[in-house]
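Participant: Using the sequences plus the hints, can you model the full thing?
Protein chains: 2
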Amino acid sequence: MKKHILLMPLDMHLHLRDGVMLENIAPLTAYSFSGAVIMPNLISPITTKEDLVAYKERIVAAAPNDYFEPYMTLFYQNYDKNFLVDVAEEITAIKLYPAGITTNSDDGVSSFDIKEMRPTLEAMSQLGIPLCIHGETDGFVMDREAEFMPIYELLAKNFPDLKIIMEHITTKAAVDMLDKYDNLYATITVHHLLLTLDDVVGGMMQPHLFCKPIAKRPEDLDALLSIALEAHPKVMFGSDSAPHPCNKKESCGCAAGVFTAPIALQLLCEIFEQFDKLDNLQTFVSDNAQGIYGICPEFKEVVLEKRPFVVPDAYSNVVPMYAGETLSWAIESVD
Amino acid sequence: MKKHILLMPLDMHLHLRDGVMLENIAPLTAYSFSGAVIMPNLISPITTKEDLVAYKERIVAAAPNDYFEPYMTLFYQNYDKNFLVDVAEEITAIKLYPAGITTNSDDGVSSFDIKEMRPTLEAMSQLGIPLCIHGETDGFVMDREAEFMPIYELLAKNFPDLKIIMEHITTKAAVDMLDKYDNLYATITVHHLLLTLDDVVGGMMQPHLFCKPIAKRPEDLDALLSIALEAHPKVMFGSDSAPHPCNKKESCGCAAGVFTAPIALQLLCEIFEQFDKLDNLQTFVSDNAQGIYGICPEFKEVVLEKRPFVVPDAYSNVVPMYAGETLSWAIESVD
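Top to bottom, those sequences are chains D and B.
Note that the first sequence covers residues 1 to 335 in this note's numbering.
Note that the second sequence covers residues 1001 to 1335 in this note's numbering.
These aren't lab readings, by the way, just hints derived from the structure by calculation.
Among the hints, a few may not be true.
Here are the simulated distance ranges between beta carbons [to be verified]:
#, chain 1, residue 1, chain 2, residue 2, range
1, B, Asp1138, D, Asp106, 35 to 43 Å
2, B, Thr1326, D, Glu305, 55 to 63 Å
3, D, Asp106, B, Asp1222, 27 to 35 Å
4, B, Asp1086, D, Leu327, 52 to 60 Å
5, D, Val53, B, Asp1222, 46 to 54 Å
6, B, Met1001, D, Glu325, 52 to 60 Å
7, D, Val60, B, Gly1019, 54 to 62 Å
8, D, Asp138, B, Glu1050, 54 to 62 Å
Heads up, the beta-carbon is just placed ideally off N, CA and C, and yes, glycines get one too.
Facilitator: Here it is in structure tokens:
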């Protein structure tokens, strides 16, 4: 049976939530990934060292049986340099949300005023703290990411020593932006390598495929696939796996987020094999991230096997992407 | 209190379904409309005179207390001329669905072969039977209507004496097509005068605003508003009100259709008043349709009043658009 080995897989964009949800889902990522960048948009966003350290402890406690490194992030605000110096050791990045743009982002940035942001972003540049950005405007849903490109450009130009990560990119516009500035990088989810808007609302409406940014047009999917499959050196895997209890998905007013954490590696094998690019998957799912972030995860070997794997209907009360469907790769062992 | 009177409102595109659903919802339209063009896409589409007559009888029986004319339609197939001559008296139009494009359309047209369609369409031209079309391809969801325009053109050119109605148009592309051919007409729903894709998936995902064709871009909404508000003489109101039981809307895999029948006139008053075009509403909601179809509905006077109207949470087991929200116009009386 065909096997494929991945070493130290990294999920560079992950939502673990808190409380019971955290306890239920953290072990799923900890099992098959060496580490993950943990998003700070809890109901009270993570903005203090105390909250950050306590949250990290809860994550580690939720997944006691696996070696797993939670790479912590702060919720972007205009922070004092002394605070950043103090917290730098504890964080891997700072995550910026435009205000109100997605789940729990109301306390985000409401205007991109370079003058106001300069002290924080210069301090981050000096301290080598990357800036992760949810890059959407409040415009028309299909245009939000493309409309955000001038803000990426503004930040990339003004802070050339700041590593800026365009998170969960979904458009050809973002792909085209990637090589325009040395300090721009990107994460791509697995669902955005599979879906267009057609899959979300083209047939029946599919709440479990609804996320922000929403899946875009076929030409956008093609552009994302092209850089992921070649493992473009500025691109990393970040699942943006975002669990919601199923009653918040299957109702009037379904929350945004696709839950992929426990099936992401299997799906990635399927996609990369389909395009005969399995050899590039290691780079996409770990090596690029190690280089970009300068992180050295401890050894973990994930052996995937090409055999049918039926996605569970739910993991506790969270419905995963492709629930009940059969994937062509399964996780055989983790060491 | 401000009042607005509408005479003989007509809904030129309506789904009444069958059985208990029909019994529950037919009275809602029969109360405030003089007549409606009834779509034939039942689970077994209406393709025989017997089925058509029997369905009409069930509709009339479901709404015994109101004067209401169900303008019946056949499901398009390549029909024999003798059959069309025989059935002509019983029908107002024939409705064409591309195969598989929407609810109960699997038996629709799978290729637009003019040679094959010619006998039917020439007979319809001679008999004065309009052709109503659900104009979507099976392409990307945001492009399906625009991609269908060449088929409208092909039919309009080849059958200049056939009245062709572009049903529930949603795009600037269709608006721009309207005046290119004398024999092209259009219906517009009330929800497509209110929504863009933003309302469906731009915030939370809204199953009760999900329909086919899906609501499009802001510039499409503007184009639709421009011809509706001026009551362009080739444009008619057709609600495309499409009830589904709420368990088929609020679930994984939500069915397409917005239920507006009992709130359509109130919403239209709100929209037309907002743009200071209330004087044009009568033409949009009745007069144009009378002229285009050559129909003479019996007298009905609907008095609307400007006062708050809270949309019910459900009509039997069907959740309407804007359930629980407050509209600014209410139906005061119907005579």
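Participant: For the range 55 to 63 Å, tell me whether the beta carbons of Thr1326/B and Glu305/D fit it or not.
Facilitator: Between Thr1326/B and Glu305/D, where Cβ atoms are some 58 Å apart, the hint holds.
Participant: Is 46 to 54 Å respected by the C-beta to C-beta distance linking Val53/D and Asp1222/B?
Facilitator: holds (52 Å)
Participant: Range hint 52 to 60 Å: satisfied by the CB atoms of Asp1086/B and Leu327/D?
Facilitator: holds (55 Å)
Participant: Should the hint that Asp1138/B and Asp106/D are 35 to 43 Å apart at their CB atoms be regarded as holding?
Facilitator: With a Cβ separation near 40 Å, Asp1138/B and Asp106/D satisfy 35 to 43 Å, so the hint holds.
Participant: If I claimed the Cβ atoms of Met1001/B and Glu325/D lie 52 to 60 Å apart, would that claim hold in this structure?
Facilitator: holds (56 Å)
Participant: Is the gap between the beta carbons of Asp138/D and Glu1050/B within 54 to 62 Å?
Facilitator: holds (55 Å)
Participant: If I claimed the Cβ atoms of Asp106/D and Asp1222/B lie 27 to 35 Å apart, would that claim hold in this structure?
Facilitator: holds (30 Å)
Participant: Confirm or reject the claim that Val60/D and Gly1019/B have a C-beta distance inside 54 to 62 Å.
Facilitator: holds (58 Å)
Against the hints set out earlier in the document, no violation occurs for any number.
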